[in-house]
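Protein sequences appear in the order of chains Z and V.
The numbering used here numbers the first residue of the first sequence as 8 and each following residue consecutively.
The numbering used here numbers the first residue of the second sequence as 147 and each following residue consecutively.
Note that these hints are calculated values from the structure, not bench results.
There's no promise every hint is true.
As the list claims (entries may be wrong) - Under the rule of at most 30 Å between Cα atoms (straight-line distance), these lysine-lysine pairs were calculated in the BS3-like manner:
id, chain 1, residue 1, chain 2, residue 2
1, Z, K96, Z, K133
2, V, K179, Z, K133
3, V, K179, Z, K140
4, Z, K319, Z, K196
5, Z, K28, Z, K233
6, Z, K133, Z, K69
What the hints assert, rightly or not - Per label pair, the in silico range of CB-to-CB distance:
id, chain 1, residue 1, chain 2, residue 2, range
7, V, V432, Z, K96, 56 to 64 Å
8, Z, T160, V, S519, 46 to 54 Å
9, V, I500, Z, E221, 39 to 47 Å
10, Z, E178, V, A536, 25 to 33 Å
11, V, L190, Z, K96, 48 to 56 Å
12, V, L190, Z, G163, 29 to 37 Å
13, V, G521, Z, K96, 46 to 54 Å
14, Z, T160, V, L426, 33 to 41 Å
15, Z, K133, V, L426, 40 to 48 Å
16, V, I494, Z, N65, 16 to 24 Å
17, V, I500, Z, E178, 45 to 53 Å
18, Z, E178, V, M443, 34 to 42 Å
19, Z, D192, V, L426, 56 to 64 Å
Built from N, CA and C at the ideal position, the CB exists for glycine as well.
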Amino acid sequence: MIAGAAVRTGIGGGEIQETGKNAISVRGITKSFGSLQVLRGLTFDIPRGITYCLLAPNGSGKTTLFRILLGLSIPDSGEGFVLGEPLDKVRSIYPKLGYMTQHKALYPDLTLQENMEFYAGLFGIKGRRREEKISYLLDMVNLEEHRNRITGTLSGGMYQRLSLACTLIHEPELLFLDEPTVGVDPVMKQAFWEYFRAITDGGATIIMTTHVMEEAEKCDMVGFFKAGQMIAQDTPRGIKRIAGLTTRLLAKVSDPSGSAARIRELGFDVSIAEETLNISIDDPSMIRDILEVVGPAQIDLREPSMEDAFVKLTEGA
Amino acid sequence: MGLGETLKRSEALVSIRIYRVGVVGLRVIRQLKRDKRTIALVLLAPVVVMALFGYAISGEMSGIMLGIVENAGDNEHGVGEGNVETGFSINEALERSIFEQIEGNDAFRIFRLASEADAEKLIMERRLHGAVAIEGGHLRILLDGASPQIADFIMAQVEAGTRRGMGMLLESRSSGGIPITEAENAGDRPEAISMDRRYIYGYDIEVMDSVGPAVVGLVIFFFTFLITTVSFLRERTLGTMEKFLVSPLSRVEMILGYIVGFVLYTFVQSAISLFLVVTLFSTPMVGSPIEAMVVLMVLGIGALSLGSLFSNFARTEFQVVQFIPMVILPQVVLTGVWWPLESVPSFIRPISYIFPLTYCNDAMRAIMLRGASLGDVIFPDLLAMGIFTAVTFTLATIMLKREVA
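Looking at chain V on its own, in the form it has when it is part of the complex (with noise of 0.2 Å):
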């Protein structure tokens, strides 16, 4: 074979004939269009999960059963020994602000027991997630080891409630309101120690509107990758797949195809998923939704080169039911979506950086949280989606045998 031949060989490779690649393109936006039930799965789906995500794991609790055992055998408020002389003792106080901050919390329903061996007794019996005991000026917290969320919280609370009741001390103290000891009272004030909270990114970041950003890309993944590799499926089982490769159509021109036709798709997705958790959860969006949508349509392009390439390995719709749990759990457990990559043991890392929706997450926080542009997410994220979704597609194309058996 002479060197031009050879040129003109591999040109003929390389060629990609854009009117093929739209036909296949308009064929399945024309499919699309048709299947009135992956319309409905485009438009419900994002408000389904984003609801169930959005509301459930919002981090917000309510219906904590939560007994308190107050100063039993004591008479009345902080009217204790030792605090006589002020008349107001800083255990009455605190006491009093634990209280108010749990009393005022919607979270609990709040049992006023009569001893600490009630509330054990409760608890073992699983009545009762905790109990607040103050006896004495001793407090007492008791909880339920076997929900450590529900722990977590009635721990949070209480300190919440002693920081407010220290702030308050020291606050009238300072003001002259309250004094403590007439020594303290004549001679200087110490300073009070004041805490302030600075966010970088403008505010206080709930749950949602740090999973939001997450959350928008795990479906728009999800979605795409499933259809995806449903679809090429069906190629197969419908066996015009068999009459694609006896034609002038390439495995390039026809993913190339898919891409055209699903980039629809994956755009109305992305856009109602956006809106939603917008509007819904009011996750802010700093930056440009533009922007955010580009990143999206990249993380979508990746996921149907992976869906190209995973439908070779299933012979049934069932079977490909089956890479859920091989191909999405892993994304939603490792790639920062509910909790901090730094949370991912060092040794399943490597993995989460394999993932796009890692790299999508991120650029999704940056843009939308912190107003990123996508210059700023080109390196690392643009650029690590883009080489999953180079070699996923190469790796479809190699895959996508001649020989189909």
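Chain Z on its own, in the form it takes in the complex (with noise of 0.2 Å):
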């Protein structure tokens, strides 16, 4: 299965060839501290434009390999092009990274207003644009109200926002966000998503980890990663596909096992269990065929989630 999903995604192949198509391009990255195999040969790519979500239990690299990406950390053997750029000059392109990590990076005792100049400044933006970028940004993250209030009273929602808004100050092209939505209410976190949907939208490339699955499931692409090992990577719904996983009808019917019998003629995998179907199906459209066959019914559909899938693969690898 997990051989099945290298085919299909493609990664696992041998020679780099490009520079341009791919905002991040790695193969065969390794990284051991002392004794310790962080990473195994990884080997992937990740193209421009889209939002990648790197889904991986604790302690297995993410950050090894979030620090290899960024030039902070030297991989052992394996080579990579980040935009482009060999690992090794990564550094020449920091004005167009953006980096959100897991500590909020913020000062707590300057207001939002100056945290947001200083990390403009760093990046030479000044003068007007820079006023225009810091209300924009804080316009976007529902916090202009408090723009001259001291960072360190905010709430940690808040703070999450503000170094949100503080990373895209000078508009990077590749966005490395390290849990970026963690203490954020949802209706903020939608407005998130709606946020890294434009800034997809307008051609830069987001990779962020996460340990929430229904975050994973809004990406356009989403990869496993254990044990230093890229186990599988796909859009959300390969990615259950590669699990094994498929869309499930429930139906309760008066007569199970000769509904079973009549859908099992169609092609379908079904299951019985306490006078209910339980039928697997790869394409919603198929629904009405089953319906069909079954009569009249109290059904149920039932999506997998992406944590049985990653429960799945994990267990797998």
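Combine both chains into one complex, guided by the hints.
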């Protein structure tokens, strides 16, 4: 199944061909700290203009991977390109990169405005352009009214929003977000995602880590990462398919065994539990066919969760 | 890689954007401005430290318990045998002078005792620091050897009294007021041995005068080092350091930015410390206060570089505090703040010459006490402090690793 994933998504392939098409391209990266091997021959590509979600258990080397991609750590072996630049020259494209760390990286004793001015200054953004950017971003993360508040007095979610705003101040082409939505309320989370989509629509690429499965669901692409290796990478739907999880139709019928036989004739995988048929469907348009066979029934559609896929794939690896 | 590209890269390596340095500096200043406790530290620390050092270590003593055993068995002052002819004995004059000296000194609490044995007993019981006994023209000084400073002080007072007595004697002799012997009186008067103290730099320098200029440097070094180390550490714990490393800001720019921000801090603290030491402890300011400030700023920048270097070795504020005995205490002891470098054992002295405070002390004393100008202290003092700063700065930029683990 894992090998299938590799074939399906084209990862694990040989030579590095290009530099322009992918935002990130990595081949056979390894990294050890002492006797501890953190990354073991990591290979994957991230196309430009998408939101890519890195799902991984704790301690699986996510942060190490980020640090290598940001040029903060040198891999023991392997090659990689970030926005077309080889890993050892990533420094030259720092103005194009945005990095939101798990620590909020804000000065609690400065005002929101001052924190943003500082990060704007680091990237050489000044004058009216700076003021416009700050207003725009504070408005976007819904903190405009707190502009002159001392950052340390903000709530956790507000902190996170300001941290994101600071990361976006120089309009990076490639964003590294380490658990960006931790502590953000559901309404604001929605806004975050809208903004992420706006960013990627503008051609920028986002690579983020998360523990929240519903988040991963919203990404264009998900990479499952375990023990220093990419075990699967695809769209959220594709990932579930790789994990062998499909949408399931639950139908409570009067004649379970008869209905089951008829549905099997149509080529579906059916199981019966407590007078309820559990039918696996790959294609939602097939539901109509099934309903015709089953007749009147109490039905329920169950989408497989990313969590199921995650558990299944990480167990297998 | 072609030559052109190599040149371009090395150029990029050394090109420092003043604007970014300013951005970091402004931020440091803004943070300091908000940090009320640190502001209080800037303002109050010099006062407290100066007061502590100034008053406690000024060398002035008080409350010394001294016993006096005076001519036990004798009648009146000086009516001893052998002195009858003149009516005034040398012994008596000296004795009187010694007791006047002692009794006139507020540092002593005097106890008149009957015998030397009593004095000895009281010293054994630690109820007296010492005793002066004069019996039959013989002076004996009993001292508690466990407190050498007090013993020295008592000895110094007795000696001063002796000197004064001798002086008075010679004076009266030469002026013919008190004849010693008829023969001497009739003959040539012997020349009195006169003693003069001549200070090359103006006047009788008291302990605080010499310590004052050095303590100012110590205060600046200590607090600048402490605050920069903690500030740099905070960049790590806040995660901002990680963000800097993924920004166009270079390590050199970052530390330079800190220097810009903290120079203001050092400036204010230097000004306060200098003002205090001159007004409160009347340490002279023969040279230019502005030039003294320049020396302190150079020291401050050195302390800052050292702080940014040492922050690499600490993970918590608690660990920063542990640097104090390593970095600060040796400088307190070995850089000539309290006693001259000449009294530092020669095998340790090379260490003294590493510490910037050694040179700062020398330069500060030169400017404040001797009225030297900056030009006079460039070599070796400012130069040495400059080298110290350059070395620690370079190490700090190297140590500010990209791999922060």
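Provide an ascending list of the numbers of those earlier hints which the structure does not satisfy. 6, 9, 10 and 16
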